[in-house]
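So the chains spell out like this:
There are 2 protein chains.
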Amino acid sequence: MCATCGCGHTHEVITLEQKVLAKNDELAASNRAFLEGQEITAINLMSSPGSGKTTLLERTIRELTRTMAVIEGDQETALDADRIRSTGCPVVQINTGAGCHLDAAMLREAIDRLQPARRALLFVENVGNLVCPALFDLGERGRVVVVSVTEGTDKPLKYPYMFAAADLVVVNKVDLLPYVDFDLAACRAYVASVNPKAEVLALSATRGDNLDSWYDWLAAV
Amino acid sequence: MCATCGCGHTHEVITLEQKVLAKNDELAASNRAFLEGQEITAINLMSSPGSGKTTLLERTIRELTRTMAVIEGDQETALDADRIRSTGCPVVQINTGAGCHLDAAMLREAIDRLQPARRALLFVENVGNLVCPALFDLGERGRVVVVSVTEGTDKPLKYPYMFAAADLVVVNKVDLLPYVDFDLAACRAYVASVNPKAEVLALSATRGDNLDSWYDWLAAV
Chain A
0 MCATCGCGHT
10 HEVITLEQKV
20 LAKNDELAAS
30 NRAFLEGQEI
40 TAINLMSSPG
50 SGKTTLLERT
60 IRELTRTMAV
70 IEGDQETALD
80 ADRIRSTGCP
90 VVQINTGAGC
100 HLDAAMLREA
110 IDRLQPARRA
120 LLFVENVGNL
130 VCPALFDLGE
140 RGRVVVVSVT
150 EGTDKPLKYP
160 YMFAAADLVV
170 VNKVDLLPYV
180 DFDLAACRAY
190 VASVNPKAEV
200 LALSATRGDN
210 LDSWYDWLAA
220 V
Chain B
0 MCATCGCGHT
10 HEVITLEQKV
20 LAKNDELAAS
30 NRAFLEGQEI
40 TAINLMSSPG
50 SGKTTLLERT
60 IRELTRTMAV
70 IEGDQETALD
80 ADRIRSTGCP
90 VVQINTGAGC
100 HLDAAMLREA
110 IDRLQPARRA
120 LLFVENVGNL
130 VCPALFDLGE
140 RGRVVVVSVT
150 EGTDKPLKYP
160 YMFAAADLVV
170 VNKVDLLPYV
180 DFDLAACRAY
190 VASVNPKAEV
200 LALSATRGDN
210 LDSWYDWLAA
220 V
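Residue numbers (numbering that gives the first Met the number 0), protein chains in the order written: chain A, 0 to 220; chain B, 0 to 220.
Chain A on its own, in the form it takes in the complex (with noise of 0.2 Å):
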């Protein structure tokens, strides 16, 4: 859960969110460490609750030849892991009760128990929420956004931190442009307007369309 109130005990918790910051990026550090050490690419992935990050995973793991595992972030259920796992792609689940994304220390356990193969492509699948993950680094080598076109035009707008913590932010859900008002090239505008480094690329990963664009950018990450 999180802990911005202002209601008094405001200075208490930006100190206390400072410190749980601090401490987290060291252990994101040592994380980022452990992982070139071991050539492993890890991807953190985050969105909107449905936003269709699983299903992105499936289609990849069946579609790509490298080595690749999985972990898997989740309030509660391991739902997720077991459509991951019936791939026959190695996968961990974390479940976070009331907590509202992943940190460092949750993703080093994860690891531990995981044991992905060196060189592999690690994909870190964070807690369905546009907010929070945005400030808890993990170690990753990349951040991908997952939006869908039925969530609306508007969203890197209205939850700028997160689209601002992204070097990718994937466009999902195309195959529903037809039945949904969702303008593609004001959503790029909105996302270069809060950050002009990110990559935006439109897919289905329902349908299959573009998804060569997607593999092209795990090559090169």
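Certain hints may be false.
Stated by the list, open to error - Dumping the calculated DSSO-like pairs for lysine-lysine here, alpha-carbon to alpha-carbon at most 30 Å:
1. A:K22 / B:K18
2. A:K18 / B:K18
3. A:K22 / B:K22
4. B:K22 / B:K196
Unchecked claim - Rough simulated footprint, nothing fancy, chain A against chain B, three-plus residues with beta-carbon under 8 Å:
5. 35-43
6. 115-122
Hints were generated in silico from the structure; no laboratory data involved.
Glycine residues also receive a C-beta, built at the ideal position from the N, C-alpha and C atoms.
Based on these hints, arrange chain B on the given structure of chain A.
The following block gives chain B in isolation, referenced to the frame of chain A:
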């Protein structure tokens, strides 16, 4: 932002979270007493980003003849308040910055600015986040969780804290059912498994399906 990290500050974080929530509950009780005194019915709308809360409010304001007012919560922008204002309804925007939820103190400040009419129906649109807002009582009369059919059937199981907090679950965007893999009966069963008391209404705020049941719920709450 949120402060659960499991990285050595755990005890300190939990203690502070308890203090923050206790202080929030006090302020929420004060809000509740104030709202009841004014016979104002406050409805807290919570969901993932992009589930259609604002669209549901726009339509409700156009179609109901009751006196209404709206408080909009977003990390940044006044885009949602602008949409509500264009309907002619009184509205105040709260921007939480890096914050991930509304709290009782923010609501009270917004009520003081908005000055909703006696006996008004007051909608509070929370920050788009299916995790953190569940823990913060605002002093509202009713809690509504909106989930769209594009988000997938399993959300009540994966985000049980939010669904356990709901008086009503609105399953929105049923106009998109022909194009997505969503099982309404299973979703109802999942809601019942985490919250047997919650009502579930399936509707489409854009196309207008089943809005009467929403208006009936609002009249009875």
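Hints, one by one, checked against the model:
no. : hint           : result
1   : A:K22 / B:K18  : holds (22 Å)
2   : A:K18 / B:K18  : holds (18 Å)
3   : A:K22 / B:K22  : holds (27 Å)
4   : B:K22 / B:K196 : holds (27 Å)
5   : 35-43          : violated (count 0)
6   : 115-122        : violated (count 0)
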